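Novice: The chain contents come next:
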Amino acid sequence: MTMTTSSLPSRFAWLDKGFWQTTPGPFRVGAIILIAHVLFAIAGAFWTPYGFAEMGAGLPLSGASLQHPMGLDQIGRDVFSRFMYGAHIVLLLSFAGTVLGMVAGTTLGLLSGYIGGWFDEITQRIVEAMISIPFLALALVMIIAAGPALAGEPVLIVFVVALVYAPRIARIARAAAMEIATREYVAVAELRGEGTWSIVFREILLNAANVLLVEFSLRLSYAPILIGALGFLGFGIRPPTPEWGLMISENRNLLIASPVTVFGPGLGLASLVIGFNLFTDGLSRMLGQRSVAGA
Amino acid sequence: MKKLIEVRNLNIAYAGPSGWTNVVQDVSFEIARGEAFGLVGESGCGKSTVAYRLLGYGTINSFVQTGEVLFDGVDLLKLGPASLTRLRGNRIALVPQNPTTSLSPGMRVGPQIREMIATHKALPDDTTMERRIVELFALVGLPDVGHRYPHELSGGQQQRVTIAMAVACNPDLLVLDEPTTGLDVTTQRQIIQLLSDLRARIGMAMLYVTHDLALLAQIANRVGVMYAGQLVEVAASDKLLSAPAHPYSRGLIASIPTMDGTDRQTRGLRGVLRRDQMSTGCKFEPRCDFATTACRTTPQALELIADARSVACMRWRDAATQQLPAVVAGPHGRTAARSERLLSVADLSLSYQRPSIVDKFLGRTTHSVVRDIDLELRAGEVVALVGESGSGKSTIARAISGRLPPRSGAITLEDGPLSPALDGRSAEHLRQIQYIFQNPDASLNPRSSIRSILERPLKHFGIPADGKTLETVLESVGLHAGYLDRIPDQLSGGERQRIAIARALLVNPKLLICDEILSALDVSVQARIVELLRSLKEKHDVAMLFISHDLAVVQQLADRVAVLYHGELMQMSETASLLTAPLHPYTEMLLEAAPSLRKDGHVSRPPATPTLKATPGIGCPFAGRCPRQPGSLCADTRPPIQETGSGFVRCHLPIDGLGRHARSPQHMRSPAVEDMRLQSL
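Quick mapping for you: the protein sequence lines, in order, are chains A and B. For the first sequence, the residue numbers in our numbering are 1 to 295. For the second sequence, the residue numbers in our numbering are 1 to 681.
It is worth saying that the hints were derived from the structure and are not from the lab. All of these numbers come straight from a predicted model, not from anything done at the bench. The hints are all genuine.
Pair ranges (Cβ atoms, derived):
| # | chain 1 | residue 1 | chain 2 | residue 2 | range |
| --- | --- | --- | --- | --- | --- |
| 1 | B | LEU633 | A | PHE119 | 48 to 58 Å |
| 2 | A | GLU121 | B | PRO417 | 31 to 41 Å |
| 3 | A | ALA43 | B | PRO464 | 53 to 63 Å |
| 4 | A | PHE201 | B | ILE641 | 45 to 55 Å |
| 5 | A | GLU179 | B | ALA82 | 35 to 45 Å |
Don't be surprised by glycine CBs; every beta carbon is placed ideally from N, CA and C.
Work out the full structure, taking the sequences as your base and the hints as a guide.
Specialist: Encoded structure:
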């Protein structure tokens, strides 16, 4: 994203050790959890103990053992291998969806906040209408509207996440843009005769970056839940690709027979969301933002 | 006199990212009962920090290392929260800098004062709460405004309310933190007058914190000059102003623009207060003209040099004897006015409200903020626009720059008419008019480097530039190429304003609109920016529309002055003749209100006929306040424009009468202008 890369060199001082020590506790814990997730996901993408779709890796429903730390499912697939392989899918889908939503929402929100007037009115009414629909219902409607040909495609999931988030992000971006638009450096640019796009991206975007960065990581923390929920309902990634929500759904009737098969992906999702949340909380404190209220 | 409060060796440090910063070092002074002590210095010198300590108040990240603040023999720094609460407001009260943010906006002002009295159970036995509050309002020259909300009062009235609140419990000590900084000259004078008056009546002591020495000349008995957290000179205010001993006090006084006729070569202070560039010896050494090598290593402490006068400088004798460079008299660098007309504004009327379709249909007109402005600027000329806040100075500038399309009237630049709206102006027109804003913090994008801030206009207007261009322009505003890679946050206010000026100059404009560009800066910095503008005017031959409320600055810079009152031009005149013979009653009033460096005993006049209200758009808006108006004629008919030698005056009185006017007898305490505004509420 432009807003992170075009900052000045001094803003990359976070790589040194002294900086790490001054960061708030939640940020550190969150960052460690996230790094662990990323490493695990990278490893899982290249190597797993068994194939993620390999049936008969052991005795079905035999419970946890050293060979199969998360047990085996109904058709004898190693749950840990599936869990490992699924990690990068969750991360990639949430990241891609949120980035897309950020780009769309930020552009719309900043333009709407800066231009104001009728454009703002119309945009905001549409945005409000979209926010008023519960996010899962909105997502399901979109998936159904996309038709069976696209169902289960990762691209669709990315677009659904983006579309659910874009209106929410747009509102935050709009609020920031409205405030920044009153600053005099914007007036200076206007007096120079700069165009709308130039003002929005040169003068406003960078100054809204703090707010947007926090919003980005907040949205990122909710994305796994959304994707998981879609997977659980059977509208997510097409089986047998092991997405965590889908795995919980597949194994939920084994909850009594072999509970470990559900715990694995459940814990994975939970720790990922907690990690993101702590990270966001710390980040917003560091950037001097008030903590952002719920989804 | 008996000591009321004594500060002994106070040291305060603030925690920052790079460890502790010593904000206040070894400050000692005392205030006697009923005395007014002034604390003066540039921003960041620690004066407010000291003032708040007298209330026993410190921010969370500040930390008193050593010292005592003895109030009536009790050390405030050792008191617990409960006993402090009993003292604050009751025996020591604060008048804050900004009344708008200090009064609770959702509460009527009466109950806010009641709170104060009730908390401290300070109601005298023989009166009721209601009566006491009305009494307090009368004390500060307000009618009973208890049922009003803060936003219904003007800035001056709000400050009166906070003063009423502060004196509600008859405190022994009043701490004033720049109480008039945000106010107009005329209002400022009324507040100062009110304060001296209250002091005489109630007999409380005052600590007056300000950056404005001229104000202290009017109100304080003794003045302490602070620099970088240290007191460098303590003296009686008249002594300090007439014969400053410390080089810093000397520089500070030299930086103040005055209007006493002499055109001093202001030899202000060089550099700025930089906490990171302190020598181990005298803190002022890097900026001092008298510094020797010994100064750099020997710390200076306050020493008594005469009766009730101390200085922290080992070379004060040399500094005191060596006079400032000779005074240069007469106008200098004033470009002879040439006939080429650059900008002309004719019949300009402005309004922030756009008339709705219904209004247009019915032929109704809404109130204009600015009416009938005719203004002309010649090439290379500096015209100042002067008036109190709300007079429409900035509104006119907005219209000329194209940010506010006028309701009627025409603006012409050199060859042809300027389009009223920004969208309609050609790039060439946009380039020729450059606007510099009041607040340099807000006019530079905080996320861009100085380089990209300066490069952007060049690229936008397609002006060819090589590597040298930016360096040259930085040099012309007194900075160097090292600034290019910094971001605005790393610059001081004065440096930022220089960058803003450089940005405007880069594109070779014909007209610079300077909108109060000095008011956010320290006196010493102001003096240098004025110097800079003067040299730019000569070198670059650029015309300026200089908006200011400070007549002294205007006098140093402007060729002609336009005086504005409530959106109408009252007078247009050449600077010299305006200051020597003000002619218009309003101009006269403005000139009298500007504080000089001596105690001038100025008393502001009450509005002559507060009941007289001008017919909107027709009568003279100044009618009710004017001390010399001949009667209701002023309010009902349009004042004629009378040509004078160098401009015009808009007044009913004949010019001969205006010129020969003897000063009217000065009135005692005045509830002044604000009553008038109140009655019209």
